[in-house]
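For the protein sequence lines, the chains are X and V, in the order given.
Following this note's numbering, the numbering of the first sequence begins with 1 at its first residue and continues without gaps.
Following this note's numbering, the numbering of the second sequence begins with 1 at its first residue and continues without gaps.
Check each hint, because a few of them may be wrong.
Here are the computed distance ranges between Cβ atoms for each label pair [unchecked claim]: (1) Glu17(V) x Ala107(X): 25 to 31 Å; (2) Asn8(V) x Phe237(X): 38 to 44 Å; (3) Arg202(X) x Gly41(V): 55 to 61 Å; (4) Phe13(V) x Val118(X): 23 to 29 Å; (5) Arg301(X) x Val68(V): 40 to 46 Å; (6) Phe13(V) x Phe120(X): 26 to 32 Å; (7) Asn8(V) x Phe120(X): 38 to 44 Å.
Treat the hints as calculated values from the structure; they're not laboratory data.
Since this is a predicted model, take the numbers as computed values, not measurements.
Just so it is clear, CB atoms sit at the ideal spot from N, CA and C, and this is done for glycine as well.
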Amino acid sequence: MAVAQTSPARGRIKSIGAAQSPLLGFAMFSPAILYIVLLIGAPFALAIFFAFTDARIGNPSLHFVGLENFRSILQSPSFHKALWNSVVFTVSAQIIVMVCANILSIALEKPFRGRGLVRFLILLPWVAPVSLGTIGWKWILDSIYSVITWVLVWAHIFQPYNAPMWLGEPHLAMASVILVHCWRLIPFSTVILLAGRTAIPREIPEAAAIDGAGFWRTLFQINLPMMVPIISVALLFGTVFTFTDMTVVYILTAGGPFDSTQTLPSYAFATGIDGKDLAAGAAVSLFLVPVLVVIAYFMLRLAHRAEVN
Amino acid sequence: MAVVETRNLTKIFKEGELGAVNNVDLETREGEFLVFLGPSGSGKTTLLRMIAGLEAPTAGEILIGGRVVNDLTPRERRIAMVFQSYALYPHLTVYKNIAFPLKAQKVPKATHKEKVEWAASLLGIDALLNRKPRELSGGERQRVALARAIVREPSVFLLDEPLSNLDAKLRLSAREELERFHRRVGTTTIYVTHDQVEAMAMGDRIMVLNKGVVRQIGTPKEVYDDPADTFVATFLGSPPMNLIESHGLIVGFRPEHFRSADEVKDGSKLVFKFLVENMEYLGAESILSGSVVAGPARGKKVLARLLLGQPFAIGTTYDFAVAERHLKFFDQTTDKKVEPRALAWQ
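Throw the hints in and build the complete structure from the sequences for me.
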């Protein structure tokens with residue numbers, strides 16, 4: 001049908017004037033192209049270029065070193081640690097976020113007094129600037145001024161001298177980083193899942209109730225399977241946000257203690273900028289690419305399927 | 001034994017507003033096909049949803065099999081319901097849709113296949129078991145919804161306008177199929193519709209509702225021939241009953257009883273001067289519309305339904321009449337039926 005309609009329409013527009021000139025189309029499109037080329041394409045190309053050189057900050061000379069950077073990175077225990085941490089960080093954050101966002105979306109679906117206010121409060125962590133929120137958490141988890149520690153001591157769960165050092169012990173630090181990231185991401189996923197949940201026709205869970213399904217069966221066999229497309233969207237976006245994020249790690253722990261919370265992005269920053277070894281930093285960050293390509297592939301496929309349906 | 005009973009059942013959605021359902025007393029009979037008939041907003045679906053347990057009543061009691069079920073969840077009431085939209089589970093195959101109630105009610109797994117196949121063959125959808133709902137036509141979806149309802153052999157069926165999503169031709173055959181299906185399984189069925197033809201055709205009894213109030217319960221013949229008030233009189237029948245006010249009364253007669261005066265032979269009759277203003281030829285019948293031009297009913301619009309294509313001309317006045325035994329009488333203030341009485345008319 002679309003084919004049949006284009007030819008007369010195009011003929012009519014031509015007769016109106018030069019509005020349809022190819023130059024205009026290109027001009028309208030160029031800001032997007034410029035944006036992608038200058039802000040994404042160029043740095044990306046530069047990163048690939050640096051990864052094969054011995055570029056260092058403050059050193060104007062530049063030599064090609066082939067795959068040397070990648071070889072030395074792959075042998076570095078810090079890199080292995082960062083890669084593993086990235087996986088732990090991303091996977092556990094996604095699991096926690098999905099479970100919490102599901103619970104919240106169920107709780108917020110039915111109207112109750114003050115629902116609007118609760119929705120607003122839940123959305124706040126997403127709206128607040130990441131760095132500000134994280135700095136707040138840095139104080140909450142501080143080794144001396146932590147309110148959490150204060151409450152635990154006050155409740156006689158811990159003695160003041162052996163209270164946990166939230167950001168100072170490797171496992172606690174990792175847990176803290178993950179939880180702060182979840183705190184940030186849950187609102188986003190909740191909003192997406194809430195939209196998915198309200199899109200299910202009311203009769204379908206009702207039919208399940210009449211067919212004899214209880215809460216859990218309706219949730220796991222009816223509602224969640226019907227929400228799979230929207231959950232995948234939330235999951236893929238969440239994975240990208242988590243895998244590429246370095247703000248939370250950088251502000252809370254700067255990768256410490258002893259690289260125990262270093263993830264790939266923060267390790268790339270620590271090596272390339274703080275450590276002035278631009279080439280190694282670029283090579284580290286290139287390791288993000290294959291993972292992100294796979295995720296992007298699934299995102300595009302999902303978007304395509306949504307269009308077809 | 002009454003299968004479903006309601007006592008004084010009331011639903012008020014918003015305090016201070018008129019109830020969606022008001023003081024409904026109802027008692028179904030074992031195996032009957034009971035139709036809730038009313039215009040949209042008459043509370044028929046709300047009433048059905050309360051019986052199903054999807055809506056909590058504001059007041060009154062619901063009994064199923066003699067037991068008060070007000071506080072029971074839908075699943076504890078052991079009823080089956082077919083929704084207007086069918087509410088099939090879109091991600092499950094037809095087989096899994098039909099098997100879902102068995103799984104949910106923990107029927108032994110070994111019997112699932114046999115039961116699903118029995119239900120599917122009853123509705124002639126054996127060949128569709130591996131399809132997804134989106135690959136089915138409207139009529140097929142309706143059958144899947146029915147199969148899902150029948151598979152666990154419930155004591156009551158609730159059907160909420162199951163034919164309204166089908167096109168006119170399909171609706172007729174689906175209606176017939178439903179009737180046959182009910183005769184075969186014999187389960188007590190409550191059927192909600194706004195279509196009076198459906199109600200007349202399918203119902204053992206019809207409950208006419210308007211604004212959440214029961215206007216009449218009776219067999220199709222009773223509600224058609226002996227309507228309890230003017231609402232029932234005009235809601236059933238197409239075209240609706242003619243109503244003429246006279247001396248504090250409303251006199252009603254059906255268009256098919258309003259005929260050329262010389263054709264009305266038996267007993268005493270009421271004669272009108274009828275000016276034909278429009279004529280619709282419908283093949284098997286014709287509908288004449290016009291007005292009375294003399295006598296106490298002057299200026300009233302009336303309709304006549306004629307089975308034979310008699311030669312009447314638009315713009316001409318004829319003598320038309322109704323046999324007195326076909327007249328219905330209603331009180332002008334309450335709209336309720338009153339005893340027939342002699343009319344001092346001519």
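Right, here's what the structure says about each hint:
1. Glu17(V) x Ala107(X): 25 to 31 Å: Between Glu17(V) and Ala107(X), where Cβ atoms are some 29 Å apart, the hint holds.
2. Asn8(V) x Phe237(X): 38 to 44 Å: 53 Å, violated
3. Arg202(X) x Gly41(V): 55 to 61 Å: 18 Å, violated
4. Phe13(V) x Val118(X): 23 to 29 Å: 24 Å, holds
5. Arg301(X) x Val68(V): 40 to 46 Å: Taking Cβ atoms as reference, Arg301(X) and Val68(V) lie about 53 Å apart, which means the hint is violated.
6. Phe13(V) x Phe120(X): 26 to 32 Å: 27 Å, holds
7. Asn8(V) x Phe120(X): 38 to 44 Å: Taking Cβ atoms as reference, Asn8(V) and Phe120(X) lie about 43 Å apart, which means the hint holds.
Hint check: violations occur at hints 2, 3 and 5; the rest are consistent with the structure.
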